[in-house]
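Engineer: What follows is each chain in one-letter form.
There are 2 protein chains.
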Amino acid sequence: MSTKALPDPSRRSETARRAILTAALDLVAEVGYAKLSIEGIAKAAGVGKQTIYRWWPSKGVLLFDAFLGLAGDGDAAALSDTGDLAADLKLVLRATVEELNDPRFDLPMRALHTEIVHDPALAADYAKRLDEPMRELKKDRLRAAQRAGQLAEDVDLDVAVDLLFGPILNRWLQRTGPLTPEYAERVVDTALRGLRPREP
Amino acid sequence: MSTKALPDPSRRSETARRAILTAALDLVAEVGYAKLSIEGIAKAAGVGKQTIYRWWPSKGVLLFDAFLGLAGDGDAAALSDTGDLAADLKLVLRATVEELNDPRFDLPMRALHTEIVHDPALAADYAKRLDEPMRELKKDRLRAAQRAGQLAEDVDLDVAVDLLFGPILNRWLQRTGPLTPEYAERVVDTALRGLRPREP
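Residue numbers (full-length UniProt numbering), protein chains in the order written: chain A, 1 to 200; chain B, 1 to 200.
Please note that the accuracy of each hint is not assured.
The list treats identical chains as interchangeable, and a pair is accepted whether it falls inside one copy or across any two copies.
Stated by the list, open to error - Within a straight-line C-alpha distance of at most 20 Å, the following computed DMTMM-like cross-link-like pairs (lysine to aspartate or glutamate) qualify: (1) K59 - E30; (2) K138 - D81; (3) K49 - D65; (4) K35 - D119; (5) K90 - D158; (6) K128 - D65.
Worth flagging that the hints you see were computed from the coordinates, not collected in a lab.
The shape of chain A in the complex, shown without the other chains (with noise of 0.2 Å):
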């Protein structure tokens, strides 16, 4: 017998979890969503099928999950708001351009933005748990801007979201030109200015 200490079970459940989730992302952007499966999941994080089963009932909530969590450290910058907002929206938007032109975000964030632009399903599924809350943080931090003077009254807020960060994910998922911090100040310049010529 052993005299060993025996593992904290909540620690090995913590452990598995995260082995689980990096797996799912490790997967999805080595084979992509519609061949990615619970059964290589399982046996790439090392943990038996009925483990993920326990945890989350289908692959898709998995991936979710994984995301959520690569999606919760930009939240803060996201919420920042030191009063400024041109510098504000340059700081999550930097931050945004740097996730995407790194790998391990960009191959599974690719495979997920391919799945959703034709499973209408997804997309709701993804709209409802990652845009749309997203999307109400960033509102927020516009709301507070209009209230600080620094946005116009009337702006459609949904049209100014869609500006501001639409432009980085286009530019991101199409290719059409090189993602770099600068691309996304001049974004956020452009975009709070307008494309008008400045009044006399």
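Got chain A; can you put chain B on it based on the hints?
Structural biologist: Just chain B now, with coordinates in the frame of chain A:
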């Protein structure tokens, strides 16, 4: 020996060419780009594989020609210059919304965009053959607006194109909200005016 006149060979060629392009678009909407094959297109178009290979070296080039044919209808609107920048932009964006909401366009274009997301070579080809020429037409119109004093002199025209056209593409691809003519008009007005409060 038949006394009927033989069909005009050039007209027969044109009929076959159109049947092939239509079959390619129908089939890619049905099975996706990955499963699209020259064999399948030939069968659907009622022609031999060799007929297709005589005109197109690969399914990618064939599909691009089919898309260029689709996109052709929109070019006139992209170029129109009535002297009113906002009106011209709304016209082309409303036409784009209508096109993207039409299942005949939606399905094959979604298939192409899905492939672009995870195929850098296809993205480069798309950029060169479709996105960049269209982008130049858009920038030509914006340059004319600069000369007419309707667009700020120092605006980055690529960023301007992204702000005006990107939100439509995004909302369509990611299904983040209803894609309506009103949305298109709000994007144009907001991008032109900017998000900042108007000077008093």
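Engineer: Taking 20 Å as the upper bound on the Cα-Cα distance, should K59 and E30 be classified as within, between, both, or neither?
Structural biologist: within (15 Å within a copy, 25 Å between copies)
Engineer: As a check of your reading, is K128 near D65 (CA-CA no more than 20 Å) within one copy, between copies, both or neither?
Structural biologist: within (13 Å within a copy, 37 Å between copies)
Engineer: Since the copies are identical, ignore which copy is meant and state whether K138 and D81 lie within 20 Å (CA to CA) inside a copy, between copies, both or neither.
Structural biologist: Classified as within: same-chain Cα gap 11 Å, cross-chain 36 Å, threshold 20 Å.
Engineer: For K90 vs D158, is the C-alpha pair at or below 20 Å within one copy, between two copies, both, or neither?
Structural biologist: Close inside one copy (18 Å) and across copies (18 Å); limit 20 Å.
Engineer: How do K49 and D65 come out at 20 Å by Cα distance, when the copy is not named: within, between, both, or neither?
Structural biologist: within (17 Å within a copy, 46 Å between copies)
Engineer: Within, between, both or neither: how does the pair K35, D119 come out at a Cα-Cα threshold of 20 Å?
Structural biologist: both (15 Å within a copy, 17 Å between copies)
The structure agrees with every numbered hint stated previously.
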